[in-house]
Amino acid sequence: MQRINLRISASAWQRLRKHCARSFRGQRDTEYGVIGVLGKRTVGGEIRELVVADILWPQPGDVLAKPRSALTFSSRYVRRAHLAIRKDGLTGLITFHTHPLADEEVGFSWYDDEQDPLLIENLQELWPGTLLSSVVLGERAQCGRIWRSPAEQIALGTLVGVGERVQHLPLDGRPPDPPPAPSEIFDRALALTGQGALATLGSYTVAVVGASGTGSLICELLARAGCRSILVIDHDVVKVINLNRILYSTSEDAWLRRPKAEVLKRGIENLGLGCSVVPIVGSILDENVMRRLNEAEMVFGCVDKDYPRMLLCKYAYQHLIPYIDVGAEIGGDDEGIVSTDARVNYVAAGRWCLRCTGLVDARRLAFESLTTIERARKIALGYSDDLLLEQPAVMDLNMRAASAGMMLLRHLLQPFLLEPVPVTLAENLVTYSMKPVPSARCQDEKCDICRVNPQAGFGDCGEPIGLSAEVAAELHAEGD
Amino acid sequence: MQIARAKSEIEQLAAGGMGVELVIEGAQPFALVGGVGAPVPPWDRADYDILVAIPVAYDLGTPLDGFYISLPYRYENGEHNRVNGQAVSIRQRQWRAVSWHYPDGNEFRRGVDNIESHIVHCRGFFLARGAVNAKN
Chain A
0 MQRINLRISA SAWQRLRKHC ARSFRGQRDT EYGVIGVLGK RTVGGEIREL
50 VVADILWPQP GDVLAKPRSA LTFSSRYVRR AHLAIRKDGL TGLITFHTHP
100 LADEEVGFSW YDDEQDPLLI ENLQELWPGT LLSSVVLGER AQCGRIWRSP
150 AEQIALGTLV GVGERVQHLP LDGRPPDPPP APSEIFDRAL ALTGQGALAT
200 LGSYTVAVVG ASGTGSLICE LLARAGCRSI LVIDHDVVKV INLNRILYST
250 SEDAWLRRPK AEVLKRGIEN LGLGCSVVPI VGSILDENVM RRLNEAEMVF
300 GCVDKDYPRM LLCKYAYQHL IPYIDVGAEI GGDDEGIVST DARVNYVAAG
350 RWCLRCTGLV DARRLAFESL TTIERARKIA LGYSDDLLLE QPAVMDLNMR
400 AASAGMMLLR HLLQPFLLEP VPVTLAENLV TYSMKPVPSA RCQDEKCDIC
450 RVNPQAGFGD CGEPIGLSAE VAAELHAEGD
Chain B
0 MQIARAKSEI EQLAAGGMGV ELVIEGAQPF ALVGGVGAPV PPWDRADYDI
50 LVAIPVAYDL GTPLDGFYIS LPYRYENGEH NRVNGQAVSI RQRQWRAVSW
100 HYPDGNEFRR GVDNIESHIV HCRGFFLARG AVNAKN
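Chains A and B are the protein sequences, given in the same order.
Residues 0 to 479 (numbering that gives the first Met the number 0) are what the first sequence spells out, left to right.
Residues 0 to 135 (numbering that gives the first Met the number 0) are what the second sequence spells out, left to right.
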């Protein structure tokens, strides 16, 4: 059975570790702890990951701790967490506490084993179905478990911290095992992506949304980097005009109008690199398709529309999933071409969304989210000409963007780029320049997507993201 | 998540006494606003119904823009130069689009403007006020 992971924003994890660090200084005799509330990510009705939606930082009197004595959370503190769970429809409560003398190894004490079942029993009496997770922290290790009932506990797998980097920490109370030796296929890439990061990438399912020029290149790069599982999402079929840029597409595919996602599955799996591809032929605007992203640990957006981009942003914050958006733009004026940009944006907890970045244009978003008929009326009025421009589809340029996106993924798993990663990384080939954009052009400190999102970390406990299949069919869908 | 915010805003406006309802034509949501006042003359009626198209991404902060006026209408015994396009049938009634946009520098503001403020903006069309380009 697949282990359940625990997902948390990197900033919350750092603050939690800082809060608890006092436990490991001086006499090392006092426990520290906090309570958090949990969302969840499910696949096929089964919990795949728990997501820390919020940490309720203790107020005076919330945590009762004395030197050389076990910590107790006050009933008022537990009640506060429980009310938060019920108010927001969350899945459960998580406790973190330290064992001051533990260093590289840590485990639950007999006291923890005695108290956790009592707590879950109380919680479930008040609200049936509530989960309890508990994590005990040593100075350099952590151990986690879930209680489904007072009699049923399950060990947690890995803690995934998402932010400027993506950090993976084992929750078995021990230092990480040495990663398995990689296949010789990847030997020459180990300088950039070491064994540990390679093993992580190999354990990931990466979702690629959009299976045209850029999306097909991302799939290829993922497979050749050691990713073993790709989810490709695209509603469209191969057409003759796509043959200049979709890897593995043939004129026969265009003739038979084969779905792009299925063509990619054929091409990537035939490489023999051990990478399997699950094709999903559907629109990412469709909430049923969007829910399939729960099978993935990371998302690449290779679409040329703003509406899917914003939905993917919403998903990234609600599920604490790293989302890399890649694209290419050719800018021109009366004099000719002035820019050919290959662009990468990284969206994750603590970072700006694409609306604040300025990449998503509100007017375009509004236009794209009208039905086909209403959009046609707008077009007829002549006020939307600028919104109808086709995005460039030049494979050479797509390759620059795909390459930068893949390098960013490698960096997230094993950092080597300058940090912090810029809001936008754009390469203008006309001027031979790589431009890191350090600040968000349209930043809004009250942004309800990336700053004060009331459902950040809720996962599936938040509102469904996307549209009904019928409404999605009425709108533009993804594809570049 | 589809237009939950729009639905909630319209319900609140209706509860407050405004003649507004959410209508869906095909998959396209509209706010149908009744009894928008107009001076007679130059208009031929003291009030009109209007329709505001709501993008399904409204909950993600999309702006609203323009509206439809119910037909028939007369303005100074003729046509208003901002009523454009072909007549369209929505909810078994005839409507025409009104190019009543927000002026540059005073656009629909995310997080500040909403359906109510847009309706106020639309009223300005009948009163010939509220937008820099109103007299164009």
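Read the hints as simulated data drawn from the structure, not as lab findings.
Careful, some of the hints might be misleading.
[Stated by the list, open to error] Quick look at which bits of chain A chain B covers, simulated, 3 or more residues with Cβ under 8 angstroms:
#1 221 to 233
#2 272 to 280
#3 362 to 372
[Said to hold, decoys possible] Simulated pairs of lysine to any residue, SDA-like, Cα-Cα distance not exceeding 20 angstroms:
#4 A/Lys17 to A/Asp61
#5 B/Lys6 to A/Ser467
#6 A/Lys377 to B/Gly84
Here a beta-carbon is modelled for each residue, glycine too, at the ideal position from N, C-alpha and C.
Hint by hint, here is what the structure shows:
Given a C-beta distance limit of less than 8 angstroms, the hint that chain B covers the stretch 221 to 233 of chain A is violated, as 0 residues qualify and 3 are needed. For the stretch 272 to 280 of chain A, the proposed coverage by chain B is not satisfied: 0 residues have a C-beta within less than 8 angstroms of a C-beta in that chain, short of the threshold of three. Against chain B, the stretch 362 to 372 of chain A contributes 9 residues with a C-beta closer than 8 angstroms to a partner C-beta. That satisfies the three-residue criterion, and the hint holds. Using a Cα cut-off of 20 angstroms, the hinted pair lysine 17 of chain A and aspartate 61 of chain A holds, with the two alpha carbons roughly 18 angstroms apart.
Simply put, lysine 6 of chain B and serine 467 of chain A have alpha-carbon atoms about 16 angstroms apart, close enough for the 20 angstroms limit, and the pair holds. About 9 angstroms separates the Cα atoms of lysine 377 of chain A and glycine 84 of chain B, which keeps this hinted pair within 20 angstroms; it holds.
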